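Novice: So the chains spell out like this:
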Amino acid sequence: MRLEAKPAPSLAATLAYPAGAVLVTLLSSSLLVLAAGASPFSVFALVAKGAAGSQFALLETLTRATPLIFTGLAVAVAFRAKLWNIGAEAQLYAGAVVTVVLGTGALPLPAPILIPVIMIAAMAAGALLLLGPALLKTRFGVDEVVTTLLLNFIVLLFVSMLLEGVLKDPMGLGWPQSQRVVADAQLPRLIQGKRLHLGFLIAILAAAIVWVVMKKTTLGYEMRAVGHNPEAARFAGIPVNSVLMKTALLSGGIAALAGFSEVAGLKGNLTLDLSPGYGYTGIVVAMLAMLNPLGVVASAIFVAAIFVGADAMSRTAGVPSYIAEVMVATALLTMVVAIMLMRFKVRWR
Amino acid sequence: MEAFEILLTASFWVAAIRIASPLIFATMGELVCERAGVLNLGIEGIMTAGAFAGWLTVYAGGDLWTGVAVAAMVGALFGLLHAALTVPLGLSQHVVGIGITLLATSLTYFTYRIVLPEVTSPPKIEPFQPLPIPLLSEIPLVGPALFNQTPLTYLAFIAVALTAWVLYRTPLGLAVRAAGENPAAVEAQGLSVTGIRMGAVMAGSALMAVGGAFLTMSAFNSFFFQMIAGRGWICIALVVFGSWRPGKALLGAVLFAAFDAYQVRLQQLTGGMVPYQIFLMMPYVLSILALVLVARRATYPKALMIPYQKGER
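Line by line, the protein sequences are chains A and B. Going by our numbering, the first sequence wraps up at 349, each residue one higher than the last. Going by our numbering, the second sequence wraps up at 1313, each residue one higher than the last.
Errors might be hidden in some of the hints.
Claimed, not checked - Listed below are several chain B residues computed to face chain A (Cβ distance under 7 Å; list not exhaustive):
| # | residue |
| --- | --- |
| 1 | L1091 |
| 2 | H1094 |
| 3 | V1095 |
| 4 | I1098 |
| 5 | S1106 |
| 6 | L1107 |
| 7 | I1114 |
| 8 | R1169 |
| 9 | L1172 |
| 10 | A1175 |
| 11 | W1233 |
| 12 | Q1277 |
| 13 | S1287 |
| 14 | L1291 |
| 15 | V1292 |
No lab work stands behind these hints: they were computed from the structure. On a predicted model such as this, the values are computed, not experimentally measured, just so you know. For each residue, glycine too, the CB sits at the ideal point set by N, CA and C.
Model the full assembly from the supplied sequences, consistent with the hints where possible.
Specialist: What follows is the structure in structure tokens.
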């Protein structure tokens, strides 16, 4: 078989291929639902109802989408420059640690100043955390996939150490959890009495800013050039290593905002289960969006809907909620195939 | 002084070889894939699936060796999926690999919940028992460490010898290595690069799955969530550390495992003065350091991560 390049896809094709990927995902997960002894139609109906069937469900989906928008953006930015940042999980926790350190009374500032200060500090922590692997890549030629993956384990152990040591809440009845952040460091709820918080709007703003950076600035152009062909980019006079550094700072900083927004907006304190793998799911979110920053918002909401819906479904239908993880992983694989088929024609011969 | 005496105890070396065994299988698996030109980041998930498949087979009444075979088959199936997407379709090996890890892990957990809906503590099986080799196991220090292990550990060492023999002494091995260095030359010989690469990824993935199965069927006796704990990623570092050579990679795995066994004992010796997380971090930190040390003069297989299309130059 051979692959032949196709002309640029029409808008219809740009929508049809991802839709096909979603369809294949639904069909293959139907088999698992059948294996669990339930009917796919009623299970998927329950998932949809649990994700969007009520105001509560919808708000819950948007709340769950918030950290995924941040990690999805972080991955989209990095992958665009072919910087394989698989460490969004660690960067998320770096942001969360900084939020707790600065937000539990260390800085006696009013909310309008305190919150931006914490945000910037959290971003700096995440950025620095990815700068290490990026430097190892450019200076020593160490593959950043392995270093960022290993850092996820190191950082989680580090957080565990902090939560059993200096950051441990003395009133926490012995649980490894931090103190709660002060009221001035908390992001306000968007609707009184509901869980959706300002972090969601910050995430959408971040997506818009990243879109502008990627499409309208020299840096964005350089990042795409480096990702497309580093040799050609270097030949064209683009400082490849410096672009990779900037990409790393941007990507790590955005991922850290996921940790900031989860602590300051939703949970209030830091625990070891702050993130059920948002960093890894961010990879799926970014790929489903074809690395488009605005698409990340839509795909994060879609992925969050699957998770929230599956949680609700498993309580009533008895199909394990791990079906959501399977669907998300399947969607990732079908989507990369769909993108390929959109751009290339397969000739069997 | 006490810290040094640990190195002279037989129990330390027994533990080191036991810890090394799953890493040896999985490192050989990754090495075979990469030698053929394919980076397999599905390793972490494939080890998880293998650990569960082998254990489940025995839990369901199967024989231990049947469990190993089932684990290998499950691994080869995930390898087939990985290879189908990355070799003929030439999709990003990074993205597909992470996707395979996510898929294999979540499918494993889903199946676990389907098969064992009600359990709170993981059920146990009767695992492989140590099989002392007559006379050799009597040698002080070396005997218990190398010749009083479970049959799966012996199989790990056989897998290294077999991998080295096939890669360097057979026409098949030459073809595999050439597919990772200069695929066009393989095609010029009338061989199929696609076929060789797909076969290598399937065989390598089977080895990874057996590495996972070692944990549930030899090191421990049950399956629990997150039990692979980054071992797959460590094996990817070990392949680089071993410069893509089976012997060197074996040495790396044993050194690494010795260090791991040592830190556990050192942890007991310091008696809680140092947070235990520091010790747990060491294997991951060590892997990164090892990569930094060797990366500069690493000689990657030249066609690693480069998809091959027939007739392209």
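Novice: Now tell me, hint by hint, if it's right for this structure.
Specialist: A quick look at each hint next to the structure:
Of the supplied interface hints, the one on B/L1091 holds, with its beta-carbon coming within about 5 Å of a beta-carbon of chain A, less than 7 Å. Hint on B/H1094 holds. Least Cβ distance to chain A is approximately 5 Å, under the 7 Å limit. Interface hint status for B/V1095: upheld, as the beta-carbon distance to the closest one in chain A is roughly 6 Å, under 7 Å. Hint status for B/I1098: holds, given a least beta-carbon distance of 6 Å to chain A, under 7 Å.
Among the interface hints, the one on B/S1106 holds; its C-beta lies about 3 Å from the nearest C-beta in chain A, closer than the 7 Å criterion. The criterion of a C-beta within 7 Å of any C-beta in chain A is met by B/L1107, whose closest approach is roughly 6 Å, and the hint holds. For B/I1114, the interface hint holds, the least distance from its beta-carbon to any beta-carbon of chain A being 5 Å, beneath 7 Å. Hint status for B/R1169: violated, given a least beta-carbon distance of 30 Å to chain A, over 7 Å.
With a cut of 7 Å, the hint placing B/L1172 at the interface with chain A is violated, because the nearest CB-to-CB distance is about 24 Å. Interface hint status for B/A1175: violated, as the beta-carbon distance to the closest one in chain A is roughly 20 Å, over 7 Å. Taking 7 Å as the C-beta contact cut-off toward chain A, the hint placing B/W1233 at the interface holds, the least distance being around 5 Å. Annotation: B/Q1277 was flagged as interfacial toward chain A, and the flag holds, the nearest CB pair being 4 Å apart, inside 7 Å.
Because the beta carbon of B/S1287 sits about 6 Å from the nearest beta carbon in chain A, less than 7 Å, this interface hint is met. Here the hint on B/L1291 is kept, as its CB sits about 5 Å from the closest CB of chain A, short of 7 Å. Of the supplied interface hints, the one on B/V1292 holds, with its beta-carbon coming within about 5 Å of a beta-carbon of chain A, less than 7 Å.
Hints 8, 9, 10 from the list above are not met by this structure, while the remaining hints are.
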